[in-house]
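J.: With chain W fixed as given, assemble chain U onto it according to the hints.
Protein chains in written order, with numbering that gives the first Met the number 0: chain W, 0 to 135; chain U, 0 to 135.
Errors might be hidden in some of the hints.
[Said to hold, decoys possible] Partner residues aside, some chain W positions facing chain U, computed with beta carbon under 7 Å:
hint, residue
1, PRO32
2, TYR34
3, ARG62
4, MET64
5, ALA71
6, GLU73
7, GLY85
8, VAL86
9, MET104
10, PRO106
Keep in mind the hints are simulated off the structure, nothing from the lab.
Note that beta-carbon positions come from the ideal geometry of N, C-alpha and C, so glycine has one too.
Number of protein chains: 2
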Amino acid sequence: MHPTISKMQEIVAKGDEQAMKEILSPNVQFKPPTYYKTWTGRDPVAAILGHVGKIFQDFAYTRIMGHDKNWALEFKCKIGDLDIVGVDLITLGEDGLIDILEVTMRPLKSISELREAINSRVLKDPRFLKFKSALS
Amino acid sequence: MHPTISKMQEIVAKGDEQAMKEILSPNVQFKPPTYYKTWTGRDPVAAILGHVGKIFQDFAYTRIMGHDKNWALEFKCKIGDLDIVGVDLITLGEDGLIDILEVTMRPLKSISELREAINSRVLKDPRFLKFKSALS
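Pulled out of the complex, with its shape left as it was, chain W reads as follows (with noise of 0.2 Å):
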């Protein structure tokens, strides 16, 4: 187990922003399950993550899978009373900090929720104004 990769299960459930800033590549990049497009850089991917730790309950990690530099994550947890299985898709780069984090989910619903949710608190997090520049 790649140590980054370890330091991943207690980060993310946690939503503990701090901590996820360290084992964040500078421009890291994050493709969420929600849109399309890609956020970039250490501070808006950590606030972002940090908000999503927030929303989700009850979340684990059921299988790590990968070896080297190519890894997968998948977890369980629910968002209200919805369900939701997904993978965390890293990349992690030659300093072993995470280049690029991807992330699938299922099921169609329960992502649709999810959207609303980080949408809502995004919306009251006034870092967010300057974080727009970091979506592309």
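T.: Relative to the frame of chain W, chain U by itself:
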């Protein structure tokens, strides 16, 4: 690489329903990205996957992660003009056949489009009158 996983890579992109049956357990469970319910049984699951293989364009597996009985097959494809990234989460049985296939995807909009496309094809396939009982 497990031989079932090698075969899977050849079969899925073609939507080859007959070849698919040979790597599915008789009581395989298929958990689709499009809705919460589970399909059970080799015939209906192969039929669904056959349809999906015809809907996807430019399908390619990008990373194969896992070992032993637990696998994550990352893929990319298109549905119309929309990009999809997804993961086939596979659990193999003692006999080496696929016991569980759970599929996660992103982004939301593409999954929504996939749902429409599947419904439209399945409604024209008379076998699904019988297969309905395999959905729970």
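J.: All the hints need checking, so say for each whether the structure fits it.
T.: Verification of the supplied hints:
no.	hint	in the structure
1	PRO32	4 Å, holds
2	TYR34	5 Å, holds
3	ARG62	5 Å, holds
4	MET64	4 Å, holds
5	ALA71	4 Å, holds
6	GLU73	6 Å, holds
7	GLY85	6 Å, holds
8	VAL86	5 Å, holds
9	MET104	5 Å, holds
10	PRO106	5 Å, holds
In summary, this structure violates none of the numbered hints.
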